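Number of protein chains: 2
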Amino acid sequence: MIKIGIVGYGNLGRGVCLAAEKAKDIECVGVFTRRTPETVNPVTRYKVYSVNDLSKFKGKIDVLILCGGSATDLPATTGNYIKDFNTVDSFDTHAKIPEYFAKLDKIAKENGTLGAISIGWDPGVFSMARLLFGSVLPDGKDYTFWGKGVSQGHSDAIRRIEGVKNAIQYTVPKETALEKVRAGLNPELTVREKHERVCYVVAEDGADKAKIEKEIKEMPNYFADYDTTVNFISEEELKENHSKLAHGGVVIRSGKTTEENSELLQLSLKLDSNPEFTGSVLVAFARAIYRLSVNGETGVKTAFDIPLKYLYPGNPDEAFKSLL
Amino acid sequence: MIKIGIVGYGNLGRGVCLAAEKAKDIECVGVFTRRTPETVNPVTRYKVYSVNDLSKFKGKIDVLILCGGSATDLPATTGNYIKDFNTVDSFDTHAKIPEYFAKLDKIAKENGTLGAISIGWDPGVFSMARLLFGSVLPDGKDYTFWGKGVSQGHSDAIRRIEGVKNAIQYTVPKETALEKVRAGLNPELTVREKHERVCYVVAEDGADKAKIEKEIKEMPNYFADYDTTVNFISEEELKENHSKLAHGGVVIRSGKTTEENSELLQLSLKLDSNPEFTGSVLVAFARAIYRLSVNGETGVKTAFDIPLKYLYPGNPDEAFKSLL
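Quick mapping for you: the protein sequence lines, in order, are chains A and B.
Every letter in the first sequence is one number past the one before it in this note's numbering, and letter 17, counting from 1, is 32.
Every letter in the second sequence is one number past the one before it in this note's numbering, and letter 245, counting from 1, is 260.
These are calculated hints, taken from the structure and not from any lab test.
Note that the structure is predicted; figures quoted are calculated from it, not measured.
Don't take each hint at face value.
No copy labels: a pair is met if it fits in one copy or bridges any two.
[Unchecked claim] As a list, the in silico DSS-like pairs of lysine-lysine whose alpha-carbon atoms are at most 25 Å apart:
#1 271 with 259
#2 285 with 156
#3 232 with 254
#4 39 with 156
#5 111 with 98
#6 111 with 226
#7 121 with 111
#8 124 with 98
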């Protein structure tokens, strides 16, 4: 059994707990939280400890799965965890990946540990599709569409507006754009042409709804470049209809092998639960990291560095006998 | 530049030639044929040699791409080529892969060479999807649908019937089955429920068409277990409407992360040219085999053993900076 520990118990931490239950070769030693452990009720039978007690588990955990956020938590803490443990995380600030990689790779090599960064579905499974598709169809163009699904970052941005009590934002790919891409037309698409943004907002009593709507629609980077729809609803409606964490998307590459012949490659995900699926991907990569560390590897890996067989729950060297 | 040689000049050999043209880091040293070299007119500017002269190229070719058939050619010849060269092939007799692997792995290790077997889209890209999907969603079921596309084996089987001058057979996935799978119903499907077979047959003058149709529909393994449609057409119609080598298919995995939440993963291909795309995959894996052999690896690999970054046309250790 591979022994994992889970650091952080938000939506993703819960997803990893549930995924660990589904993996027959994984045993969860415990959930490590910054909160008072007694206040955390895990969805599974796993024990809950204070993150301050983690050092006591050195040598007792094969891989730590880090479920903190990418904005501040992971950059501040992973370097510390990877001194004592093999780690897997879902760091997803694309622009900062090289810097994050370099820093952790150095620490891991110095300490003889191994980490996998930026694991999940994007970055993660979608990145693998982009690399594979681009390599086997070099004369082409690829597109990633996200959604329909909740964007946590955009929802948070709305919640920070004065007069907003709660909000959920869906990123929705535009059918017309998808159709053009799937027809192999390799269109140049602006951000506005690829996705639209649909917001459900609960306003404070007496708030100026027109002002809130205007503020959302004109918010730079987040909304100004998109077709944005704002719907005001009640807190009850929000809870009832918008509490599912569904998501998904598609990576499409369209290209030519000759002037006459086009090829279209697609990888798509339709997820009822974004954090549960992301958790499931993290657990599979924790298995790979454990195996590679047993083989003596140290440093930091991404999804591009790991042979697929190490993700396989069975004997990695036998996978080709049934799955090839 | 990575120097490749192409052995065999049928549809697949032509596909590899065209793919090598698209790869900026690949140089084709030559096409090696069993025919008289002067009778072969390659689609590209590459030189054509007799396969008997191959030994003269030892040390001058980084990777040989073997484009022979899986029924008799590859099992008979790969063991010989891999003594002197790194190789990549598209061996696709699923049941015999373990035996083929073991034999070649031994020879390659003895001779310090490296080979990749069973590369293409199925086995190949589809196998990678099956392994990845199964690993990240263990509580689920996967399905592979092929087509719409020409099955060479089934077309050949029809051509062997008395009174048949020429024939093309399309494998067509059934929409009703696809819909059930995509709805996450995880149905148990018989072969008849998954695919149908559509045949276009040119009969000899005066042949008994009713008898031919009956023979096709009752042919065990090939057609008896399927809904089969037989259309008689003229040789001209066959040439005009059925000479494209389009193909494709989809790998779908549907499963649960919890009782309430299902996740659906799909990888699909829509190919104007089956051999050109297969050739393009072979070239990407030739690049990986070259790089791994430079790293000192020997023996035989499948698509499951090779980190994705080695397929990347650019610097493999930089791929994560732009594609993750």
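Copy assignment of residue 124 with residue 98, given that the CA separation must stay at most 25 Å: within (9 Å within a copy, 38 Å between copies)
Within, between, both or neither: residue 121, residue 111 at alpha-carbon 25 Å: Within one copy only: 16 Å inside a chain, 44 Å across chains, cut-off 25 Å.
Intra/inter-copy verdict for residue 232 and residue 254 if alpha-carbon distance must be at most 25 Å: within (23 Å within a copy, 57 Å between copies)
Same-copy or cross-copy closeness of residue 271 to residue 259 [CA-CA at most 25 Å]: between (40 Å within a copy, 15 Å between copies)
Intra- versus inter-subunit Cα pairing at 25 Å for residue 285 with residue 156: both (23 Å within a copy, 15 Å between copies)
Intra/inter-copy verdict for residue 39 and residue 156 if alpha-carbon distance must be at most 25 Å: between (39 Å within a copy, 16 Å between copies)
25 Å Cα threshold - placement of residue 226 relative to residue 111: neither (34 Å within a copy, 69 Å between copies)
Alpha-carbon proximity context of residue 111 and residue 98, limit 25 Å: within (21 Å within a copy, 46 Å between copies)
Violated hint for the displayed structure: number 6, the only one.
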